[in-house]
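J.: Residues per chain, in single letters:
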Amino acid sequence: MTTAVELAAAVRTGTATARQVLEEHLGRIAVRDGELHAFNEVTGDAARVAADAVDARAGRGEDPGPLAGVPVALKDNLCTRGVPTTCSSKILAGWKPPYDATVVQRLAAAGAVVIGKTNLDEFAMGSSTENSAFGPTRNPHDPSRVPGGSSGGSAAAVAAGFAPLALGSDTGGSIRQPAALCGVVGVKPTYGLVSRYGLIAFASSLDQIGPFAASVEDAAVLLEVIAGHDPLDSTSLDRPAPELASQLGRGVAGLKVGLVTELTGEGIEPEVAERTRQAAAALEAAGAVVREVSVPSLTYGLSAYYLIAPAEASSNLARYDGVRYGLRATGAEDITQMYGATRAAGFGPEVKRRIMLGTYALSAGYYDAYYGKAQKVRTLIVRDFAAAYAEVDVLLSPTTPSVAFPLGAKTADPLSMYLNDVCTIPSNLAGHPAISVPFGTGASGLPVGVQLMAPALGEATMFRAAAAVEAAARHLTPVEVT
Amino acid sequence: MALPEGWEMVCGLEVHCELNTATKLFCSCPNDFGSEPNTNVCPVCLGLPGSLPVLNGQAVELAIRIGTALGCEVKPSIFARKNYFYPDMPKDYQVSQYDKPINVDGFLDLPDGSQVGIERAHMEEDTGKSSHAGGTGRISSSTHSLVDYNRAGVPLVEIVSRPDIFSADQARAYAAELRSILVATGASDGKMEEGSMRVDANVSVRHPGDPLGTRCEIKNLNSLRSLVRGIEYEAARQVELIESGKKVRQETRHWDEGAGRTRTGRVKEEADDYRYFPEPDLVPLAPDAAWVEAVRSALPVLPAARRRALAAAAGLEPATELVVTAVERGLDAFVLEAVAAGAEARTALNRAVNDLPVNVSWGSAQLTATGSLSADGAVQVTSFAALIGLEVSGALTATQAKKVLEALFERGGDADPAALAAELGFEAMAADTLATSVDDVVAAHPGDWASYVGGNDKVAGMFVGKVMKATKGKADGKAVTALLQQRRAAEAP
Amino acid sequence: MSERLSPEVVAHVAQLARLDLTDDELALYTGQLAAVLEHAADVEALDLSDVPPTAHPLSLVNVLRADEPRPCLDRDEVLAMAPAVEDHRFRVPRIMSEPSADPEPPAGVPTSGAPGDQNRALPLGADGEHR
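Residue numbers (my numbering), protein chains in the order written: chain F, 1 to 482; chain W, 1 to 493; chain E, 1 to 131.
Where hints are given, some of them may not hold.
[As the list claims (entries may be wrong)] Reference listing, derived: stretches of chain E covered by chain W, where coverage requires no fewer than 3 residues with Cβ under 8 Å from a Cβ of chain W:
#1 50-62
#2 65-71
#3 85-96
[To be verified] In silico contact screen, one side only, chain E against chain F (beta carbon under 10 Å); selected entries:
#4 E8
#5 V13
#6 A35
#7 D42
#8 V78
Since the hints were derived computationally from the structure, they do not count as laboratory data.
No experiment lies behind these values; they were computed from the predicted model shown.
By construction, the Cβ of each residue, glycine as well, lies at the ideal position given by its N, Cα and C atoms.
Whole structure, please, built from the sequences with the hints as guidance.
T.: This is how it looks when you write it as structure tokens:
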């Protein structure tokens, strides 16, 4: 498969046109997306207009940008002007934002071509993309299995070759977990590195937009394009986008890597734990110094997350009330009835569950025991990470406890589904960057991902380590797309 | 209206004021009153999915002005979300400062020498406006409501007093003084009629020395007059309830100006549970000391000092009603400029406070940079000073001066008061003509005159009246009295 | 803790969140929420009295915008999104009561007491520092 970097180079040098590149990808989508359902909407016509514009610029001798003509799939919780943005929820079905998310503007400025909006767990709440009002997405490696979630559509789109690049959002692992399950690279950047303006909020203090790609280098280039200060997001860091791709070749000699004790033992499937240890060995072979590191408070991360994220979500999702946009239930006699009926009809079970959980966690009498306590656990995790990073440069763990599981396997038991996020959540709570890199397959032949974590703004180091892991993975059993 | 013996009213006021910014609190939509519905809206203030707030620095500046003017400590603060569903709130939460407000622990000195504590003055966003359709316009009879989000996100500062207010008049004085400060600092235009300053009163009653009683919050107090009437009514209602063996129920009540009473608002369906938590889309606000100091040192002269200056110029006490009212209405600078232009201070003060057209004297009067008082019309300070000069010299009677003042406002600009007086037929009587008239009247009533010379001042009024009649009202009463006194003095042994 | 999570409490929470639930949903969510909270018992049991809360992963402070107006959305575009419109305004069904949140301190907080008196101190950043 051609990488995004290669495609952009071809378009910029005139050896390919953006239109040709686009049509190839649209062709793959036409063949297989009926089966996989990665996309909620394929925006072929708009994409052709955008691709032709890129070709026109190239034809005039202008630089069409670092992602010239590269198709990019967008998670359907990123606002696109005039194009339905649904969050895979009935409550927003048909709603067309009157504005573009900042990342969408940056993609366009870089010459990328938006090819469509991808499926997700409703409002990004889930780990399997089964919580979509429009039906689940299937894993390209085994369509009887989930692609992970919540950005399952974006992960599947890259894994299936529908787009070389995709954007997702990661609140507790929603980029990294599906990346691991679909065998692609997924990055959750440092909180504040990428503007959230136009990302439909799930949990504001945890949400971060990040790239999916087939290679570490492609992910680095995409992150360079979308990162950087945005005055429309108060939580955006006022610093230039980091240089990542140019650092990848520097290797890992002398880099200190910590294998996280708490995330390699109990609860992790043996095949995944084994691959993680192999990745540690591969880094060591490449010159890194690897040791085991304990980050004790990580064990509380899951509990803290499932109090904080629903609490913020319960507030963020209050606005879907049938007044200004989206669904409104008919027949209500007064506004209170209308609210209750609209939200009952518009939200799916998982969203309702989390709104209830969050409302409860914030409500009078329980705030201190739940939300307040969870915020303090966050402090413990930040402190423990700081102690670990005093010893090592990056941390290594599995991305997920298991490989992709069959559709329906965990839908009846929300808690078992939540446990999928145990390895990914801590980085969100701390606001740190983390990346999932494919590292071979498990016993079942399904992809395994390993996670590299770094302190805030440690992306450059993290990507270097990721490139080394990626290089080592080429010598493992290759993963074939079925 | 006083409470029965042995009762005391305790009141705290919550004042919401809209800040004088160009844009809203968290987005760049214009902060304009009176635009076409739903034209000053964007993704942020409509609460569209994916939008994010960014704090307006000028709103912070104005909030600090209010805080420093009220002697508050300006502290690091955080915004919180106050969660509740209501259609005029686009996000179904209000962004407001909760347990870490920007301004705390201030005070306001009132003209009568009392001091009211300020608990806090925090920043928050305003809501949109609902109008209730299909009925009488009241919420209870409506069939549906219509929402305009132009006001949603307009910056507010809510100033919460301590329960240090013990009479309706004191509440009025507090609100008026606060309004003067808001206007003087440029933080808000303080217009109660347009809702840019909204006052809610927490009222309770007790026997002096007892703990605070159960309070009711009175809303819909849309003028200072309503504030006084509403508080007086409510305190009396509570005393009556308690004296008849009933209890005051803690509730929100609405002042009905037409009916002259408060009415119970809603009975809450559920306990309030706003689920406050820190607004994760905003970062903490921590104005540094240099910023706060810069704002503090740039504050304009505040009403208390203005009262002292005006009082000194007029030879009065600062608490004199005339002085208090002049400052309250923002007329003091105009009066002082007139004095500087040669006008006699007390007369100028009197005319400014008592005889300006109502629309000018309350609320909308502004002393412009060019030294004119403008509202619907405009009057140059120099014209005003010239008019006062005519009155003081006796060229115009008080009654005539008031009419010329009225005409000055109608005409506006720099009209010459002497010319206006002439147009109105107020040619001042020549001094010798007046003296002749007085002589004639005295001559016609020798008995009364003898009585007056003998010290009976009561007949003076009769003489003045006769002179007025003889001169068809053109005489200046004061001038006549002065002439009578001169004559008496000359005749006295 | 699950004894706190009676169906009555869950029903109250649903009402606060404006979610109409069927009886079946109410029963389902009561059980599922109890299970999640059971898992959170590890957190609930921690003694964190000396630990400051982290509300936010950043230590940013004073992010401010210039007070300069920018163009608003086109009204027709805005109203076209709405389920119901009348007279250039958003039309909603009858409102039965005044806003349930008047600008007043939360229940239980006397006017005279600072809101901070309520035993619900909200968190600053983990390090408590401001840049």
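J.: All hints, please: hold or fail.
T.: Structure-based check of all given hints:
1. 50-62: It holds, with 6 qualifying residues against the three required.
2. 65-71: n = 6 at 8 Å, threshold three: holds.
3. 85-96: holds (count 10)
4. E8: 13 Å, violated
5. V13: 5 Å, holds
6. A35: For E/A35, the interface hint holds, since the closest Cβ of chain F sits about 5 Å away, which is under 10 Å.
7. D42: 6 Å, holds
8. V78: The hint holds - E/V78 has a Cβ within 10 Å of chain F, the shortest such distance being about 7 Å.
The structure is inconsistent with hint 4 alone, although it conforms to all the rest.
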